[in-house]
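Colleague: If you read the protein sequences in the order shown, they are chains A and B. With the first letter of the first sequence counted as 1, position 168 gets the number 168 in my numbering; the numbers rise by one all the way through. With the first letter of the second sequence counted as 1, position 122 gets the number 122 in my numbering; the numbers rise by one all the way through.
Please keep in mind that the hints were generated in silico from the structure rather than gathered at the bench. Glycine is no exception: its CB is placed at the ideal position from the N, C-alpha and C atoms. Take the hints with a grain of salt, since some may be wrong.
Cut-off 35 Å, straight-line C-alpha distance, at most; resulting in silico cross-link-like pairs (DSBU-like, lysine-lysine) [unchecked claim]:
1) A:K500 x A:K515
2) A:K44 x B:K193
3) B:K178 x B:K281
4) B:K281 x B:K303
5) B:K193 x A:K500
6) B:K303 x B:K193
Some chain B residues well away from chain A (every beta-carbon gap over 12 Å; in silico) [what the hints assert, rightly or not]:
7) L8
8) T64
9) R94
10) G110
11) M111
12) L130
13) N144
14) I162
15) V170
16) A171
17) S173
18) T179
19) L198
20) L271
21) G274
22) A285
Each chain, letter by letter, is given below.
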Amino acid sequence: MTSSASQPTDTNHPEGAQLKRERRLPAPDHLSKKTAHPLQAAIKDALIAAALAGMLGFFFFAIRTDIATGGLVITTRWMLWIVSVLLVFFGRLLIQVFILDPLARGLKITVAAAFVAALMAIFMLNASSGELFSSAVIGFLLGIAAVGILSLVVRFRDDKEAAANLAVPGLGKWVGRILFVFAVILPFFFMYMFPARDRQFIDLAILIMTYIMLGWGLNIVVGLAGLLDLGYVAFYAVGAYSFALLATHFEFIGFWVALPLAGLLAAFWGVILGFPVLRLRGDYLAIVTLAFGEIIRVVLLNWYEFTGGPDGLSGIPKPTLFGLEFKRGEGGFADYFGIEYDSIQRFIFLYYIIFVLAILTNVITMRLRKMPVGRAWEALREDEIACRSLGINTTNTKLTAFAIGAMFGGFAGSFFATRQGFISPESFTFLESAIILAIVVLGGLGSQIGVVIASVVMIGGIELLRNLDFLQAIFGENFEPTQYRMLIFGLAMVLIMVWKPRGLISSREPSAVFKEKKTIGADMVGQGEGH
Amino acid sequence: MEYLIQQLINGLTLGSIYGLIAIGYTMVYGIIGMINFAHGDVFMVGSFIALAVFLLLTTVLGMTFLPIVLLLVLIISMIFTSSWGWIVERLAYRPLRGSFRLAPLITAIGMSIVLQNFVQVTQGARVKPLPPQISGGVTLMEGNTEAGTIVVQLSYMQMIIIGLTFVLMVAFSLLISKTPLGRAQRSCEQDQKMASLLGVNVDRTISLTFVMGAALASVAGIMFLLLYGVVDFYIGFLAGVKAFTAAVLGGIGSLPGAMLGGLLIGLIETLWSGYFTVEYKDVAAFSILAIVLIFMPSGLLGKPEVEKV
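Please model the complete structure; the sequences and the hints are all you need to start from.
Modeller: What follows is the structure in structure tokens.
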């Protein structure tokens with residue numbers, strides 16, 4: 001075995017250094033195959049990837065079944081198929097050359113240039129004759145961007161210290177404060193910065209804030225108590241339907257009366273659904289909660305007399321500010337304060353409601369973490385058996401986690417109902433649960449700021465696709481960016497998870513402190529494994 | 001009586017489909033201890049591939065002899081669907097091997113979303129109908145009730161489904177119990193580290209497990225397509241959850257258990273729709289899942305899990 005790495009002489013090198021050193025050693029001679037040129041190996045690998053992509057994509061890109069008169073017909077899209085294969089080939093080659101193989105600088109530049117040229121050619125092939133130049137430019141820019149991102153990723157990967165320098169101690173707290181201040185002034189910021197599209201942006205902010213609140217609520221169950229819940233949307237639905245039903249059946253119940261009731265009912269359901277699953281852990285718990293979520297949705301869908309079935313419930317009242325409605329004319333909010341009516345006022349009001357609700361969720365969670373029940377949640381997450389032997393009542397601990405998490409879900413649900421004015425079982429599918437869980441896990445389980453970042457990235461990023469009209473100019477008139485929303489969402493879920501399995505925020509603040517406060521790595525925290 | 005027998009036949013047919021999907025769940029859970037959430041969507045991909053191959057063979061190549069066409073559809077779509085199963089494992093699960101348990105579950109959900117939307121984007125969101133290809137059947141018995149004559153019929157399609165499932169199950173059990181691959185799989189199931197020390201290529205074995213699961217799911221996809229005559233991009237979710245229920249009911253990790261569970265779930269669902277309400281048949285399946293997991297976590301034929309401290 002030949003070794004190129006210098007042997008460390010000092011014995012007190014950090015733990016794991018030996019492993020690192022071993023990893024750096026070249027493979028033993030008898031194991032490594034005949035040494036091919038790295039470029040040759042990269043091309044071979046890329047060819048395999050392209051062949052695989054061609055095989056996988058054949059029945060989806062090249063062939064499409066369409067409904068026509070007289071049955072199904074096949075339409076072929078060879079161009080799309082060839083383009084996808086080429087993209088995979090060049091993309092894989094580029095990644096291989098940049099990340100996996102120690103190629104010479106000149107070769108890297110050559111391959112990168114070939115990638116950019118190929119991308120340009122692909123775009124030009126797709127474009128009509130009038131747009132040749134502009135599509136070439138777009139291909140060039142996209143190629144350069146891809147190469148740039150890749151080389152940045154490689155640089156950070158190779159240079160762990162540079163990446164570590166990015167993490168300033170106490171950064172999380174400051175980011176939190178800045179985000180909080182920004183969130184307080186957000187509606188007015190949008191009104192002055194983007195007067196033409198303020199309503200759209202505030203609406204997006206409301207949506208993101210709803211997901212932040214749901215994420216924080218689920219974080220109690222999954223992040224703190226370590227109970228993997230895939231049916232969280234059930235409580236969201238219970239909250240929404242409680243408010244809608246109360247408001248439609250009783251005249252005098254408005255949003256503010258129904259809100260605590262919806263939260264209570266959701267907490268009640270949290271206990272009811274939590275009780276049977278007390279003995280379950282990990283994956284099994286996830287599946288049973290999924291089943292409960294689906295049962296509730298199917299019941300909502302089919303109990304026509306009570307819930308309106310697939311038609312849902314409409315005419316849900318809007319929230320009022322101390323009895324003032326946000327409407328035009330006499331007795332409305334604008335009239336009372338003597339300002340001009342603008343429909344944006346209602347959006348701003350809604351934004352502040354969900355903002356206050358979300359902050360309330362956060363504050364209560366942070367306080368609970370310091371209280372015995374919160375400590376018990378975290379102890380339960382780390383080790384259930386140790387918990388029981390130390391005299392913690394695991395039944396009550398789990399049920400409180402379910403109930404409180406469900407309560408916040410119920411609050412968010414009734415806010416959702418009042419914002420939409422219309423609810424149907426369509427809004428409470430499993431996908432919604434998956435999105436909320438994805439936000440919590442991608443942000444970093446148990447990390448409050450992580451939920452915020454993940455919501456902004458995932459929900460905001462997805463909604464941004466609606467605004468990318470310029471993509472139509474690139475990919476042609478038939479290109480609808482919105483239909484790729486969930487595809488990109490799913491891909492982002494997989495990629496972020498593979499890249500950072502412990503979530504975007506990789507450190508946690510311990511809730512119990514001995515002498516001095518330190519942050520701990522996310523991998524030191526138990527994560528809903530229920531062991 | 002006649003009605004019951006007819007429902008039992010229908011239930012067995014449906015149960016065969018669930019059982020074939022359930023084998024994929026149970027094998028993967030047995031070997032790496034994770035719920036392959038995307039497996040239901042691999043089944044959906046399989047039925048889309050089968051539809052495309054079928055149309056390609058009949059309309060473009062103009063083949064008319066149905067048995068040959070179906071055989072080709074079976075082989076081609078098994079091969080192509082297995083490559084999907086392989087790529088899902090390679091992209092979403094292998095990088096996370098040895099990570100904490102929640103990570104592959106999240107990527108599995110992500111993969112499920114990706115597959116559904118990929119198919120929706122490339123093949124369109126509309127339901128694709130395929131007219132029944134195999135019609136006719138054998139009348140087993142006739143009975144007279146006040147509502148009229150009830151005929152118990154075993155259609156050729158149902159015979160093919162039940163027969164093919166039986167053949168595949170036998171072949172598959174032999175594969176697991178007699179071949180080197182099956183031995184490698186069983187050894188990985190018991191102790192991956194020890195297996196790799198003894199020269200079993202663990203990564204390759206796990207990949208092949210996914211490939212086999214996907215191949216069986218694609219057979220289920222073909223059967224679903226031929227039996228119901230409709231596919232859309234969303235069929236994978238419900239079928240997947242029910243097949244998982246079947247795997248759990250039979251005892252997860254046990255192959256005969258998966259088949260038994262599949263048949264039971266199929267029977268329960270059909271009988272429920274036949275005698276109670278069709279709308280709540282999914283509730284019945286989901287309730288069984290919850291009840292079995294809560295009161296009988298090791299299922300009918302599974303080994304009880306030992307709690308390790």
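Colleague: Does R94 of chain B really sit off the interface, with its C-beta more than 12 Å from all C-beta atoms of chain A?
Modeller: The claim breaks: R94 of chain B does not keep its Cβ more than 12 Å from every Cβ of chain A (closest is about 9 Å).
Colleague: Say whether it holds or is violated: L8 of chain B keeps its Cβ farther than 12 Å from all Cβ of chain A.
Modeller: holds, 25 Å
Colleague: Is the nearest CB of chain A more than 12 Å from the CB of T179 of chain B?
Modeller: Since the minimum Cβ distance to chain A is about 25 Å, T179 of chain B lies beyond 12 Å and the statement holds.
Colleague: Taking C-beta pairs only, is S173 of chain B more than 12 Å away from all of chain A?
Modeller: Label holds. Min Cβ-Cβ 26 Å, cutoff 12 Å.
Colleague: Would you assess whether L198 of chain B, listed as outside the interface, keeps its beta-carbon beyond 12 Å of every beta-carbon in chain A?
Modeller: Nearest chain A Cβ is 18 Å from L198 of chain B, so the label holds.
Colleague: Is it the case that A171 of chain B keeps its Cβ farther than 12 Å from each residue Cβ in chain A?
Modeller: Holds: least Cβ distance 24 Å, greater than 12 Å.
Colleague: Checking the smallest CB distance to chain A, is A285 of chain B really beyond 12 Å?
Modeller: violated, 9 Å
Colleague: Is the straight-line distance between the alpha-carbon of K303 of chain B and that of K193 of chain B 35 Å or less?
Modeller: Measuring from Cα to Cα gives roughly 21 Å; hence the hint holds.
Colleague: Run the distance test for K281 of chain B versus K303 of chain B: straight-line Cα separation, threshold 35 Å.
Modeller: holds, 29 Å
Colleague: Does the claim that T64 of chain B lies off the interface hold, with its Cβ farther than 12 Å from every Cβ of chain A?
Modeller: Holds: least Cβ distance 15 Å, greater than 12 Å.
Colleague: Between K178 of chain B and K281 of chain B, does the CA-CA distance stay at or below 35 Å?
Modeller: At roughly 39 Å apart (the allowed maximum being 35 Å), K281 of chain B and K178 of chain B break the hint.
Colleague: Just to be careful, I want the Cα atoms of K500 of chain A and K515 of chain A compared with a cutoff of 35 Å; is the pair within it?
Modeller: holds, 31 Å
This entry does not satisfy hints 3, 9, 10, 11, 12 and 22, going by the numbered hints stated previously.
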